[in-house]
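Student: Here is how the chains run, residue by residue.
Number of protein chains: 2
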Amino acid sequence: MNIGDVASQSGLPAKTIRYYEDIGLIRPKRDSNGYRAFDTTELHKLTFLARSRSLGFTIEDCRALLSLYEDRRRASADVKLLAEEHLARIARKIAELKAMHVTLSGLVNKCHGDDRPDCPILDDLGQLEEMPS
Amino acid sequence: MNIGDVASQSGLPAKTIRYYEDIGLIRPKRDSNGYRAFDTTELHKLTFLARSRSLGFTIEDCRALLSLYEDRRRASADVKLLAEEHLARIARKIAELKAMHVTLSGLVNKCHGDDRPDCPILDDLGQLEEMPS
DNA sequence: CTTGACCTTCCAGTTACTGGAGGCTTTATC
DNA sequence: GATAAAGCCTCCAGTAACTGGAAGGTCAAG
Chain A
1 MNIGDVASQS GLPAKTIRYY EDIGLIRPKR DSNGYRAFDT TELHKLTFLA RSRSLGFTIE
61 DCRALLSLYE DRRRASADVK LLAEEHLARI ARKIAELKAM HVTLSGLVNK CHGDDRPDCP
121 ILDDLGQLEE MPS
Chain B
1 MNIGDVASQS GLPAKTIRYY EDIGLIRPKR DSNGYRAFDT TELHKLTFLA RSRSLGFTIE
61 DCRALLSLYE DRRRASADVK LLAEEHLARI ARKIAELKAM HVTLSGLVNK CHGDDRPDCP
121 ILDDLGQLEE MPS
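Chains A and B, in that order, are what the protein sequence lines are.
By our numbering, the letter at position 27 of the first sequence is numbered 27, and the numbering carries on one by one without gaps.
By our numbering, the letter at position 58 of the second sequence is numbered 58, and the numbering carries on one by one without gaps.
You may find that some hints are simply not true.
Stated by the list, open to error - Here are a few chain B residues that face chain A, going by a calculated C-beta distance under 7 Å:
#1 43
#2 44
#3 52
#4 56
#5 80
#6 90
#7 97
#8 100
#9 101
#10 104
#11 108
#12 111
#13 113
#14 117
#15 119
Note that these hints are calculated values from the structure, not bench results.
Ideal Cβ placement from N, Cα and C applies to all residues, glycine included.
All chains should be modelled from the sequences, with the hints used to inform the complete structure.
Tutor: Set out below in structure tokens:
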């Protein structure tokens, strides 16, 4: 399989696949013409990477997950730990965004949004922030 | 005021303030010794930037907001539009993260997380993704 | 034999900073 | 007055994860 084939099958752009090779996530062989030659193992790894990335794991997470994926004797607890840490990061990010949303929608609602210059949004932004830590 | 003063008053690191000057968000004068000399106007702008960034506006958003902030004759509708677009981005991001959280916590719950190698998380990650678009 | 689709490498740019080196200036202390 | 610490300066490089583009080799079809 050439890079275009695995790109369409994994859903990853060819550029990204080359990048993943650059940073050592995959190691496809080469044909005599210099083209990358992917086997089904590499395709599986790419699929794995696409799915992990779509769930928000960082590349370094993916590297760790991939080595666990390939280690037939790993403990599922190792995987679960990584996943739980990531879940916690996601939850924190959601909370942060929700707080932003509440604050900003409060401001938007106060703004009449017509052609007058008076604007509570800008007025508020000029104030020092009170972090609701 | 030197950079350290406005840094502590605005909450922005001095490094970040220099960076904001580099990209043209602020234009502090200079003392004869080469030190940046901030007046209260610049401090207000930095405060404005700190608050806008903490609400997740991009630097380019901030640039636009800042020019509206400085334009005494702008229409509040212009500001409201920017803010509403940003609210929509936040809402989309929240939805995306929630979807990740649901999927991943489903996987984590299925994983027994002990020292056996069998792991539903890795099994799933190896599957082609079904995008619930 | 040429056209067009693929493939290759390499370089640069993106976002919003952050760290560090090397070197002035100012302030405090002895 | 000497010195040391703190604060300021500029410039360079690195971060995360790609993405775009240039310049050029290869392959299949007509």
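Student: Any hints from earlier that this structure breaks? Give me their numbers in increasing order, please.
Tutor: 1
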